[in-house]
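Top to bottom, those sequences are chains A and B. 688 is the number of the first residue of the first sequence in the working numbering; add one for each residue after it. 743 is the number of the first residue of the second sequence in the working numbering; add one for each residue after it.
The hints are simulated quantities; they were obtained by calculation from the structure and are not laboratory data. For glycine and all other residues, C-beta sits at the position ideal for the given N, C-alpha and C. Any given hint could turn out to be false.
Label-pair distances were calculated between CB atoms; the ranges are [to be verified]:
id, chain 1, residue 1, chain 2, residue 2, range
1, A, L696, B, A766, 51 to 59 Å
2, A, R842, B, A1081, 54 to 62 Å
3, B, R825, A, R842, 14 to 22 Å
4, B, G933, A, A835, 44 to 52 Å
5, A, R842, B, A766, 53 to 61 Å
6, B, S969, A, L765, 53 to 61 Å
7, B, L917, A, L840, 23 to 31 Å
8, B, G815, A, L765, 40 to 48 Å
9, A, A835, B, G765, 55 to 63 Å
10, A, R842, B, A968, 34 to 42 Å
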Amino acid sequence: MRALDRIALTCGLGFLYAPILILVIYSFNASALVTVWGGFSTRWYGVLVADVPLREAAGISLVVALASAALATVFGTLAALALDRGGRFAGRRVFLGLIYAPLVMPEVITGLSLLLLFVGFGLDRGLLTLVVAHATLGLGFVAVIVGARLRGLDRSLEEAAADLGAAPARVFATVTLPLIAPSLAAAFLLAFTLSLDDLVIASFVSGPGATTLPMRLYSQVRLGVNPEINAASTLLVGTVTAIVLTASWLTGRKGSA
Amino acid sequence: MASTHAPGPAGLLTCAGLGKRFGAHAAVTDLDLTLQPGEFVCLLGPSGCGKSTLLRLIAGFETPSTGTIRLGGADITADPPHRRPVNMMFQSYALFPHLSVAANLAYGLSGLGRAARQARVDDLLRLVRLDGFGPRRPDTLSGGQRQRVALARALARAPQVLLLDEPLGALDRALREETQGELRALQRRLGTSFIVVTHDPAEALALADRIGVMEGGRLVQIGDGASLYERPANRFVAGLLGDVNLIPGRVRDRDPGGLTRLDTALGPLRARGAAAGEGVIALRPERIALSRAPSGDGPDLPGQVVETTYLGDRVRLRVRLADGTAWRVSAPTDAEAPAVGETVHLSYPPERAWLMPAAG
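Given only the sequences and the hints, what does the whole structure look like? Please build it.
Dropping the structure here:
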């Protein structure tokens, strides 16, 4: 029984991670052919560093991810606060459901609808539309993560602060905010990686001069896979993994108590 | 300081006609309460009786549905919590986990300068015997220490009224009895008015100048411990404050000594107090005299011992009477206690039995 469990686990994990592992291994391939192993080399990382369009795309991805994650964190937190603290205002349940909708909505539909919106408003597609679209994508996730922390917060802490003479703004700044800070950081990091990973929505709402890293990689793959793509993908996987681990560590930690 | 105060019309804190509804549920109904300066009042009742809601109304965390709250003559009914000169010590203590003990104590002192604030924090730490604990985090303290930090923080702004929600509820029994004495001494020394919510009658008796008994959102009776114990307003109050035998009957008349005579299943009995029509006599177990032969004083009620429990200072007995009811009797241990099955004669001084209305 034990052995069977272990085999099942190995198969499952292998199924999930073998492709990524192969990609990482082949990024250190000395050969220019993707499928032929020509010995260990870091030469493609060198090529990657010298690839100016790819570096520019990475820069744009980073800017978009930072800006959209910041926007998503601010508005997602406000949404979570309204849903948790707003009392029983009309339509609260509807809003609560709507927050989850972007989490399960197919990205093609989100992308298409945002495209229609931007065209309707006459907005030129570019960096701005990209940031707005990704902020929309991340907002729901932020609201869910921060909302969970707010629900777990002992309300008497905020009451105690008010009781000791703190006006509502001071209660929020000195008690609520420090106590939900870990969940804010985790939500920000998750929104950041969602933006960094996204290809589908970006393809819809981006314009000339705002090509993100996944878009750049995808267009290069269509011309033929080379080990440089593997190297770039390996770096992206590494970055996302590090961020997701940090985020889960932040949410898993017992507040700051 | 006198142990009791006549509740005059002009107190420090006055609740008048106070009510709070949550949807269809009335948590507090038409409640009047006057607190005198320096007075220690306990609100006593089972969970859900509205005592915590009353505290939250006074602190300003809930808005009353009806009635007014006045403090020192000013109407504070509509004031938000941070503008009320009352402070609250929470049942959970609600210490800020991200701040040190000193920063917790200083939280309410933002109006003071740095030096004055530091001096006040040091005073407070000394007051609750926690000198040197200032830099510690609350989660590194024991339960008793956290309780004292919470008390010190609530006292930091020198409130006119301090509200305490089950302040000793989270402490173990030995520590609770010790802390009761400290809390009482502290209140006497500071002269601050305290309102303590508790579900423990012994704690209320040990702490309070006056005890307010709450039941179903209403203040059923308020008075000092002795008057509540000796002259309870109804069965609920009588049973809450200690063991009691309840003897229902019909009021017949008054005897020349001012006592009321009732017809009961055990024959005519007398008690103090007044009721119209149906009434109930409340008789405490320790007021009953027990003997092997009929005694001359009071009524003679023969019965059979069905149970005895030796408690060291007292013997608890259950005695079955002629009408089939079993009375609790508490007898001193100096005399030899009767055995189970033995026939005994019960009696009581009628002026120590209390007559209550049957309803309620």
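- Can the suggested window of 14 to 22 Å be confirmed for the beta-carbon pair R825/B and R842/A? Since R825/B and R842/A have Cβ atoms about 20 Å apart, the given range 14 to 22 Å holds.
- Between R842/A and A1081/B, does the C-beta distance stay in 54 to 62 Å? holds (58 Å)
- Could one say that the CB atoms of G815/B and L765/A fall in the range 40 to 48 Å? With a Cβ separation near 41 Å, G815/B and L765/A satisfy 40 to 48 Å, so the hint holds.
- Is the hinted range of 53 to 61 Å satisfied by the C-beta distance from S969/B to L765/A? Roughly 55 Å apart at Cβ, these two residues keep to the hinted range, so it holds.
- Check the following: the C-beta atoms of R842/A and A766/B are separated by a distance inside 53 to 61 Å. violated (23 Å)
- Task: Starting from the hint 34 to 42 Å, judge whether the C-beta atoms of R842/A and A968/B obey it.
- Result: holds (39 Å)
- Do L917/B and L840/A keep their Cβ atoms within the hinted range of 23 to 31 Å? The hinted range 23 to 31 Å holds for L917/B and L840/A, with Cβ atoms some 29 Å apart.
- Query: Does the hinted range 51 to 59 Å hold for L696/A and A766/B at CB?
  - Reply: Distance hint for L696/A, A766/B holds at roughly 54 Å.
- Indicate whether the distance between the beta carbons of G933/B and A835/A respects the range 44 to 52 Å. Given range 44 to 52 Å: holds, Cβ gap about 46 Å.
- Message: Just to be sure I understand the hint, the distance between the Cβ atoms of A835/A and G765/B should be within 55 to 63 Å; is that true here?
- Response: Roughly 27 Å apart at Cβ, these two residues miss the hinted range, so it is violated.
When held up to the earlier numbered hints, the structure conflicts with 5, 9 and fits the remainder.
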